[in-house]
Amino acid sequence: MTDLDDAGDIRLDGLLAAAAVRHPDRPALEGEGRTWTWSALEAEVRVLAAELAAHGVTPGVRVGVYAPKTPATVIALYAALRAGAVVAPLDVADPAARTARMIRNAGISVLLTTDRAGSACRAAADAAREGRHPGAPREGELPNGLNWIEVVAQADRPAPLPAPADAGGYVLFTSGSTGWPKGVLLSHANVAHYALWAAREFALTPDDRIGSQAALTFDLTTFDLFSAAAAGACTVVLPDVLRSFARDVVTWLGERRITAFMAVPSLYHNMLRQGGFADAVPASLRVAAFGGEPFVPDLLQECLRLLGDRPFYNLYGPTETNACTYHRVPSDWSADQEMTIGRGIGGVHIEVLDEQGCPTDGDGEIHVAGPTVFQGYLRDGELSDPTVTVAFRDGVTRRAYATGDIARITADGRVFLRGRRDSQVKRRGHRIDLLDVENAALELDQVVTAAAVAKDGDHSGEIWVYAQTTAGERELLAALRGALPKRMLPDRVVPLAALPTTVSGKVDRRALGAAAFPSGSPTESRILITQETSA
Amino acid sequence: MNTVEDLCALIAAHITWGRGEDPRSLVPDSPLLEMGLLDSLAIMEIVAALGAEHGIALPETEIVAANFRTPKALWAVVQSVPRGTKA
Numbered sequence: 001m002t003d004l005d006d007a008g009d010i011r012l013d014g015l016l017a018a019a020a021v022r023h024p025d026r027p028a029l030e031g032e033g034r035t036w037t038w039s040a041l042e043a044e045v046r047v048l049a050a051e052l053a054a055h056g057v058t059p060g061v062r063v064g065v066y067a068p069k070t071p072a073t074v075i076a077l078y079a080a081l082r083a084g085a086v087v088a089p090l091d092v093a094d095p096a097a098r099t100a101r102m103i104r105n106a107g108i109s110v111l112l113t114t115d116r117a118g119s120a121c122r123a124a125a126d127a128a129r130e131g132r133h134p135g136a137p138r139e140g141e142l143p144n145g146l147n148w149i150e151v152v153a154q155a156d157r158p159a160p161l162p163a164p165a166d167a168g169g170y171v172l173f174t175s176g177s178t179g180w181p182k183g184v185l186l187s188h189a190n191v192a193h194y195a196l197w198a199a200r201e202f203a204l205t206p207d208d209r210i211g212s213q214a215a216l217t218f219d220l221t222t223f224d225l226f227s228a229a230a231a232g233a234c235t236v237v238l239p240d241v242l243r244s245f246a247r248d249v250v251t252w253l254g255e256r257r258i259t260a261f262m263a264v265p266s267l268y269h270n271m272l273r274q275g276g277f278a279d280a281v282p283a284s285l286r287v288a289a290f291g292g293e294p295f296v297p298d299l300l301q302e303c304l305r306l307l308g309d310r311p312f313y314n315l316y317g318p319t320e321t322n323a324c325t326y327h328r329v330p331s332d333w334s335a336d337q338e339m340t341i342g343r344g345i346g347g348v349h350i351e352v353l354d355e356q357g358c359p360t361d362g363d364g365e366i367h368v369a370g371p372t373v374f375q376g377y378l379r380d381g382e383l384s385d386p387t388v389t390v391a392f393r394d395g396v397t398r399r400a401y402a403t404g405d406i407a408r409i410t411a412d413g414r415v416f417l418r419g420r421r422d423s424q425v426k427r428r429g430h431r432i433d434l435l436d437v438e439n440a441a442l443e444l445d446q447v448v449t450a451a452a453v454a455k456d457g458d459h460s461g462e463i464w465v466y467a468q469t470t471a472g473e474r475e476l477l478a479a480l481r482g483a484l485p486k487r488m489l490p491d492r493v494v495p496l497a498a499l500p501t502t503v504s505g506k507v508d509r510r511a512l513g514a515a516a517f518p519s520g521s522p523t524e525s526r527i528l529i530t531q532e533t534s535a
Numbered sequence: 001m002n003t004v005e006d007l008c009a010l011i012a013a014h015i016t017w018g019r020g021e022d023p024r025s026l027v028p029d030s031p032l033l034e035m036g037l038l039d040s041l042a043i044m045e046i047v048a049a050l051g052a053e054h055g056i057a058l059p060e061t062e063i064v065a066a067n068f069r070t071p072k073a074l075w076a077v078v079q080s081v082p083r084g085t086k087a
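Each protein sequence line maps, in turn, to chains C and X. When we follow the UniProt record's numbering, the leftmost residue of the first sequence carries the number 1, and every step to the right adds one. When we follow the UniProt record's numbering, the leftmost residue of the second sequence carries the number 1, and every step to the right adds one.
These are calculated hints, taken from the structure and not from any lab test. Fair warning: there could be bad hints in the mix.
Derived EDC-like pairs (lysine to aspartate or glutamate); straight-line CA-CA distance at most 20 Å [stated by the list, open to error]:
#1 C:Lys426 to X:Asp39
#2 X:Lys72 to X:Asp22
#3 C:Lys486 to X:Asp22
#4 C:Lys486 to X:Glu45
#5 C:Lys426 to C:Asp491
#6 X:Lys72 to X:Glu62
#7 X:Lys72 to X:Asp29
#8 C:Lys486 to X:Glu21
#9 X:Lys72 to X:Glu45
#10 C:Lys486 to X:Glu34
#11 C:Lys486 to X:Asp39
#12 C:Lys426 to C:Asp361
If you want the ones that stay clear, here's a sample from chain C, every Cβ over 12 Å from chain X, calculated [unchecked claim]:
#13 Ala18
#14 Ala40
#15 Val92
#16 Glu150
#17 Thr470
#18 Gly482
#19 Ala483
#20 Ala516
Bear in mind that the values here come from a model prediction, so they are computed numbers and not experimental data. Beta carbons are placed, not taken as given, at the ideal position from N, Cα and C, and that holds for glycine.
Produce the entire structure from the sequences given, and follow the hints as far as they go.
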């Protein structure tokens with residue numbers, strides 16, 4: 001395995017090339033009834049990368065990969081990386097209008113898609129080109145059933161991003177407060193450092209089979225792909241249609257002899273509650289991890305008992321920093337104990353700063369520094385770096401990302417999460433900015449004003465939108481589905497004649513967060529709750 | 001819940017339809033999963049509605065992709081489950 005200190009020069013497609021040299025005949029990728037060895041994968045990637053270069057995908061060009069998650073899509077990602085592109089996986093389930101905003105914000109010039117996803121991809125490309133580039137985009141065919149669509153002609157493309165992204169990178173999107181998803185620009189080295197660390201910490205070998213269940217737009221999957229390449233392990237792709245069925249996932253883990261698995265707690269919860277995990281813990285499973293949201297304590301305790309001696313890791317980290325802290329949860333952990341997100345991964349520095357920007361032993365904001373910290377956000381095609389330069393308690397001044405997560409850090413470096421300092425929430429493992437949801441509602445013609453709130457009490461964990469409108473809930477939800485991905489849709493939309501306000505005239509979000517749903521038919525309600533909550 | 005059409009209506013009621021999509025377009029052979037109409041939340045809502053509104057308790061072992069491929073596939077399972085009393 002490559003030494004972590006060398007990750008500065010490492011390319012993600014270089015991990016593939018190295019695996020093809022070291023483990024040419026070992027399985028690399030499995031799915032849809034086919035298996036690729038590392039040498040076969042490398043050969044296909046090389047051919048496709050040359051084709052991409054011939055169609056104008058030169059180093060630094062931003063490429064979106066718009067396709068269902070299949071082995072062919074993984075090959076397309078690697079080929080675009082090999083061609084030197086800045087690659088953004090896109091989700092075919094997202095509304096075209098949303099995808100168009102991602103394309104514009106990240107400055108994507110070329111889309112790669114499959115026959116089946118082609119028409120939806122064209123719709124997104126058309127929406128992104130609207131008002132900017134007249135006429136139909138150029139497009140053509142590639143090997144493996146892939147097609148390319150040119151969103152921006154070569155002459156009109158944005159200037160390459162600053163180094164190291166001029167030689168390529170990886171873009172994942174995150175919910176922003178403006179209603180435009182922000183492109184999180186990661187360098188090859190940002191992702192490779194984490195991938196190499198995880199491969200080493202989990203002691204991955206070419207005998208391992210990594211179960212890849214999440215969407216490629218989700219940062220968890222960088223482990224599935226690139227830690228596999230770092231170790232010469234095999235990435236086994238879960239069929240898309242099984243993803244929503246916990247019982248199918250459990251069966252699949254056993255049948256595909258998965259040895260390493262990373263998922264959000266929501267999936268583990270469902271595997272434990274409805275999936276029959278207790279009766280079918282895969283004998284092959286050797287190491288597992290979770291991250292993205294808190295694990296329900298009782299279920300975590302149960303899961304640990306079932307996993308026995310197998311290591312079970314809690315990973316933390318926003319997309320901007322990759323996973324940056326880790327904690328191997330002791331197998332005898334019990335639900336009455338506080339859960340820590342652990343310490344910084346190798347080479348990464350974690351600090352908790354108070355409101356004055358000084359290191360504190362009390363509650364403060366988590367700051368992350370080190371080789372996994374991203375290059376910046378892509379907005380309107382331009383890179384903006386939101387990191388700050390701050391002094392850590394060891395006296396060293398570092399470039400750090402302020403995560404917005406409030407936490408406490410112990411003398412031995414363990415971090416305990418406390419909450420958020422802004423309007424971001426986590427729902428079913430997805431990071432959602434309430435203002436993003438609110439903006440989508442405000443952009444609807446039927447809505448005068450609106451507030452998106454995280455609910456307390458009986459509806460804890462749900463997002464509700466309160467809207468001043470004469471439209472009904474169903475009509476509003478249908479309209480929102482055209483603007484927001486399913487994972488971001490509000491659980492309820494409550495139409496009101498007016499929103500409750502505080503004495504200062506602002507929308508009273510606290511009252512809305514605590515308000516019960518108005519009585520009566522839940523789908524046809526237009527009942528005022530103003531009097532109930534504004535007191 | 002006497003016909004597969006009744007089941008189509010129940011499923012349609014738990015899908016968040018987008019603009020321009022017609023809930024009445026759901027037919028017994030509609031490929032629910034391929035069309036991306038069901039997420040895990042919609043699946044749990046459909047299971048809950050079958051229980052609460054029709055006394056049909058779907059065993060957890062039946063909540064698998066094969067049974068949610070189409071309304072017709074789910075109808076076959078619904079018919080095989082003994083009905084309790086309406087909650």
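Evaluated hints:
Only pairs whose Cα atoms come within 20 Å are accepted, and Lys426 of chain C paired with Asp39 of chain X is accepted, the gap being roughly 17 Å. Between Lys72 of chain X and Asp22 of chain X the CA atoms are separated by roughly 19 Å; this keeps the pair inside 20 Å, and the hint holds. Using a Cα cut-off of 20 Å, the hinted pair Lys486 of chain C and Asp22 of chain X holds, with the two alpha carbons roughly 17 Å apart. With a CA separation close to 15 Å, the supplied pair Lys486 of chain C and Glu45 of chain X stays within the 20 Å bound.
Restraint check: the Cα-Cα separation between Lys426 of chain C and Asp491 of chain C comes to about 13 Å, which is no more than 20 Å; the hinted pair holds. For a cut-off of 20 Å, the pair hint linking Lys72 of chain X to Glu62 of chain X stands: about 14 Å separates their Cα positions. Simply put, Lys72 of chain X and Asp29 of chain X have alpha-carbon atoms about 6 Å apart, close enough for the 20 Å limit, and the pair holds. A threshold of 20 Å between alpha carbons decides the hint, and for Lys486 of chain C with Glu21 of chain X the separation of about 15 Å falls inside it, so the pair holds.
The suggested pairing of Lys72 of chain X with Glu45 of chain X holds, with an alpha-carbon distance near 18 Å, which does not exceed 20 Å. For the given pair, Lys486 of chain C sits about 16 Å from Glu34 of chain X by alpha-carbon distance, which is consistent with the 20 Å threshold. About 8 Å separates the Cα atoms of Lys486 of chain C and Asp39 of chain X, which keeps this hinted pair within 20 Å; it holds. Under the criterion of a C-alpha separation no larger than 20 Å, the hint pairing Lys426 of chain C with Asp361 of chain C is inconsistent with the structure, at around 25 Å.
For Ala18 of chain C, the condition that its CB be more than 12 Å from all CB atoms of chain X holds, with the nearest at approximately 37 Å. Every Cβ of chain X is farther than 12 Å from the Cβ of Ala40 of chain C; the closest lies at roughly 28 Å, confirming the non-interface assignment. Remark: the non-interface label on Val92 of chain C conflicts with the geometry, its nearest Cβ contact in chain X lying 8 Å away (cut-off 12 Å). At roughly 26 Å, the least C-beta separation between Glu150 of chain C and chain X is larger than 12 Å, which holds for a residue marked as non-interface.
A cut-off of 12 Å between C-beta atoms confirms that Thr470 of chain C is not in contact with chain X; the least separation is 18 Å. At the 12 Å boundary, the C-beta of Gly482 of chain C falls inside the reach of chain X, the nearest C-beta of that chain being 5 Å off. A Cβ of chain X approaches the Cβ of Ala483 of chain C within 12 Å, the least distance being about 9 Å, so the stated non-interface status is violated. Ala516 of chain C, annotated as away from the interface, keeps every beta carbon of chain X farther than 12 Å; the closest lies near 20 Å.
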